[in-house]
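Q: Here are the chains, one letter per residue:
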Amino acid sequence: MKCTRCRELAAVALPSHHSAFCPECFLLFCRRMVERAIHDHAMCTPEDRILVALSGGKDSLSLAWLLRELGYQVTGLHIDLGIPGSSAVARRITENFCARHGIALHVLEMEAMGLGMAQVRQRVKRPICSVCGQTKRYFFNRFALENGFSVLATGHNLDDETSRLLANVLRWDADFLADQGPVLSAQEGFVRKIKPLYRLTEFETANLSFLLGIETASAPCPYSAKATFPVYKHLLADLEDRQPGRKLQFYEGFLKHGRKHFASHSTPDLTPCVRCGSPTSTELCGVCRLKAMMTSEADLPEARDNVLDSGQQA
Amino acid sequence: MITVHLEPEGGTLTFPRITTVLQLLHKTGRKPGRAIVIRGTELLTPDRRLAAGDTIILRDVGSRG
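Going down the list, the sequences are from chains A and B. Taking this note's numbering, the leading residue of the first sequence gets 1, the next gets one more, and so forth. Taking this note's numbering, the leading residue of the second sequence gets 1, the next gets one more, and so forth.
Just chain A, same shape as in the assembly:
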């Protein structure tokens, strides 16, 4: 198989783009996909201070590399979740990556805040993936706001976005559909969030990270076995096998034709959390309730049952 662009030996075949690329041209392809995403959705400018959420996986590390290559001001934030068997590996890989590429990195340790996920998992009744996700979103957003970053970039790829879209469609969750997209605008208490990799698949970011020589965390989270999004990813992957390009069409079609029909669905009225000031639909935000629950002050059944709220953006 020859590279579609230069006719050298191809390294990556992409039926969804009717293309194959050699390593050099594949890097160019990835750059252009990200440039197009940023341009089409006015995600950021070279003047923005961008905080990149770095998990230690292939997507977020590739994103940091790409944004820096494209000339953006990039700083990393890693959240050490305190999960035995995976967090230490993810942190080491992230620290090594940032040191190697000269990217400034901040690390927040959940265990030091009393929110290590191994301990939280023992106390909450809700699925730990939901609590973990909410906690990460809270701290990424809060850190960005408190440290003068204008944009928070995450490594969500096309598979992440289409599986979430499919899940929201199957539930006809109008509120979530109204909110879904590669950019979430800045609002009171929320920094602007962008997903520059939304046009690249997991397969493409895996190839990219290999070609860039990026070591990535291969130890899966031991708590993720019950996560539901892989089910939707597999369904969409089967569809993509039969109809290459369908995932990107599905997502771009939603952005172009579908999302506007859900725009009238307003988010709930948000007020500052009485404890931390973050926007929330209840008196105490979800993370402050979680903190309270992890200490003795609110070890009550109702606190345990209601540790999540919908007041924080996805």
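It is worth saying that the hints were derived from the structure and are not from the lab. Hints may be right or wrong, so weigh each one.
[As the list claims (entries may be wrong)] Computed footprint of chain B on chain A; a stretch qualifies when at least three of its residues, placed anywhere within it, have a C-beta under 8 angstroms from a C-beta of chain B:
#1 4–12
#2 207–216
#3 235–243
[To be verified] Restricting the straight-line Cα-Cα distance to at most 20 angstroms, the calculated cross-link-like pairs of lysine to aspartate or glutamate (EDC-like) are:
#4 A:233 - A:188
#5 A:291 - A:40
#6 A:256 - A:173
#7 A:256 - A:175
#8 B:31 - B:42
#9 A:291 - A:111
#10 A:256 - A:146
#11 A:260 - A:40
#12 A:2 - B:42
#13 A:233 - B:9
#14 B:27 - A:95
#15 A:136 - A:109
#16 B:31 - B:60
#17 A:233 - B:42
#18 B:27 - B:9
#19 A:256 - A:40
#20 B:27 - A:238
#21 A:136 - A:69
#22 B:27 - B:47
#23 B:31 - A:238
#24 A:260 - A:175
#25 A:260 - A:173
#26 A:233 - B:7
#27 A:233 - A:160
#28 A:256 - A:160
#29 A:2 - B:47
#30 B:31 - A:241
[Unchecked claim] Example chain A residues on the side facing chain B (calculated, C-beta under 8 angstroms, incomplete):
#31 24
#32 25
#33 220
#34 230
#35 231
#36 258
A virtual CB, placed ideally from N, CA and C, is assigned to each residue, including glycine.
Once you've looked at the hints, dock chain B against the given chain A.
A: Chain B alone, transformed into the frame defined by chain A:
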């Protein structure tokens, strides 16, 4: 004989009679686009031929949390 290391789950398989990457993917229950195929420092497309003595890394791409 072709030796295949599976990632991220670990484990090694050997195949005496496989000659292409596509055959390898089928033999291991994978489809193109679900795993990357690595030989040394190069990535292999499904049409590439394999030779006796090759050592391959088969890396699934789906994130697992």
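Q: Does each hint hold? Answer for all of them.
A: Hint check results:
Using a Cβ-Cβ cut-off of 8 angstroms, 3 residues of the stretch 4–12 of chain A lie near chain B, which meets the minimum of three, so the contact claim holds. Check on the stretch 207–216 of chain A: 3 of its residues sit with their Cβ under 8 angstroms from a Cβ of chain B, so the three-residue criterion for coverage holds. Counting residues of the stretch 235–243 of chain A whose beta carbon lies closer than 8 angstroms to any beta carbon of chain B gives 3, which reaches the threshold of three, so the coverage claim holds. As the CA atoms of residue 233 of chain A and residue 188 of chain A are separated by approximately 33 angstroms, the hinted pair breaks the 20 angstroms bound.
With a CA separation close to 40 angstroms, the supplied pair residue 291 of chain A and residue 40 of chain A exceeds the 20 angstroms bound. Note on residue 256 of chain A and residue 173 of chain A: the hinted pairing holds, with a Cα-Cα distance of about 18 angstroms set against a maximum of 20 angstroms. Annotation: proposed proximity of residue 256 of chain A to residue 175 of chain A holds, straight-line Cα distance about 18 angstroms (limit 20 angstroms). Distance check on the hinted pair: residue 31 of chain B and residue 42 of chain B sit about 19 angstroms apart at the alpha-carbon level, within 20 angstroms; holds.
About 11 angstroms separates the Cα atoms of residue 291 of chain A and residue 111 of chain A, which keeps this hinted pair within 20 angstroms; it holds. Only pairs whose Cα atoms come within 20 angstroms are accepted, and residue 256 of chain A paired with residue 146 of chain A is rejected, the gap being roughly 34 angstroms. Restraint check for residue 260 of chain A and residue 40 of chain A: satisfied, since their Cα atoms lie roughly 17 angstroms apart, inside the 20 angstroms limit. The hinted pair formed by residue 2 of chain A and residue 42 of chain B meets the criterion: a straight-line CA distance of about 15 angstroms does not exceed 20 angstroms.
Only pairs whose Cα atoms come within 20 angstroms are accepted, and residue 233 of chain A paired with residue 9 of chain B is accepted, the gap being roughly 19 angstroms. For a cut-off of 20 angstroms, the pair hint linking residue 27 of chain B to residue 95 of chain A is broken: about 38 angstroms separates their Cα positions. A hinted pair counts as satisfied when its Cα atoms are at most 20 angstroms apart, and residue 136 of chain A with residue 109 of chain A qualifies at roughly 11 angstroms. With a C-alpha separation of about 10 angstroms, the suggested pairing of residue 31 of chain B with residue 60 of chain B holds against the 20 angstroms cut-off.
Under the criterion of a C-alpha separation no larger than 20 angstroms, the hint pairing residue 233 of chain A with residue 42 of chain B is inconsistent with the structure, at around 27 angstroms. Straight-line distance between C-alpha atoms of residue 27 of chain B and residue 9 of chain B comes to about 17 angstroms, which keeps the hinted pair within the 20 angstroms bound. Proximity of residue 256 of chain A to residue 40 of chain A is assessed by CA-CA distance (about 12 angstroms); at most 20 angstroms being required, the pair is judged to hold. Between residue 27 of chain B and residue 238 of chain A the alpha-carbon distance is near 18 angstroms, which keeps this suggested pair within the 20 angstroms criterion.
Proposed proximity of residue 136 of chain A and residue 69 of chain A is contradicted: the alpha carbons are some 26 angstroms apart, above 20 angstroms. As the CA atoms of residue 27 of chain B and residue 47 of chain B are separated by approximately 15 angstroms, the hinted pair is consistent with the 20 angstroms bound. Distance check on the hinted pair: residue 31 of chain B and residue 238 of chain A sit about 10 angstroms apart at the alpha-carbon level, within 20 angstroms; holds. Pair hint residue 260 of chain A plus residue 175 of chain A holds up; C-alpha atoms about 12 angstroms apart against a cutoff of 20 angstroms.
Distance restraint check for residue 260 of chain A and residue 173 of chain A: the Cα-Cα separation of roughly 14 angstroms lies within the 20 angstroms cut-off, and the hinted pair is therefore satisfied. Distance check on the hinted pair: residue 233 of chain A and residue 7 of chain B sit about 19 angstroms apart at the alpha-carbon level, within 20 angstroms; holds. Of the supplied pair hints, the one linking residue 233 of chain A and residue 160 of chain A holds, its CA atoms being roughly 8 angstroms apart against a limit of 20 angstroms. With a C-alpha separation of about 18 angstroms, the suggested pair residue 256 of chain A and residue 160 of chain A falls inside the 20 angstroms cut-off, and the hint holds.
For a cut-off of 20 angstroms, the pair hint linking residue 2 of chain A to residue 47 of chain B stands: about 11 angstroms separates their Cα positions. For the proposed pair residue 31 of chain B and residue 241 of chain A, the alpha carbon gap of about 8 angstroms is at most 20 angstroms, so the pair holds. For residue 24 of chain A, the interface hint is violated, since its Cβ never comes within 8 angstroms of a Cβ in chain B; the closest pair sits about 12 angstroms apart. Residue-level restraint check for residue 25 of chain A is violated (minimum Cβ-Cβ distance to chain B is 13 angstroms; threshold 8 angstroms).
Taken as an interface hint, residue 220 of chain A checks out: its beta carbon lies about 4 angstroms from the nearest beta carbon of chain B, inside 8 angstroms. Below 8 angstroms, beta-carbon pairs count as interface contacts, and residue 230 of chain A has one with chain B at about 7 angstroms; its hint therefore holds. The closest approach between the C-beta of residue 231 of chain A and any C-beta of chain B is roughly 11 angstroms, which is over the 8 angstroms cut-off, so the hint fails. Of the supplied interface hints, the one on residue 258 of chain A is violated, with its beta-carbon coming no nearer than about 25 angstroms to a beta-carbon of chain B, more than 8 angstroms.
Hints 4, 5, 10, 14, 17, 21, 31, 32, 35 and 36 from the list above are not met by this structure, while the remaining hints are.
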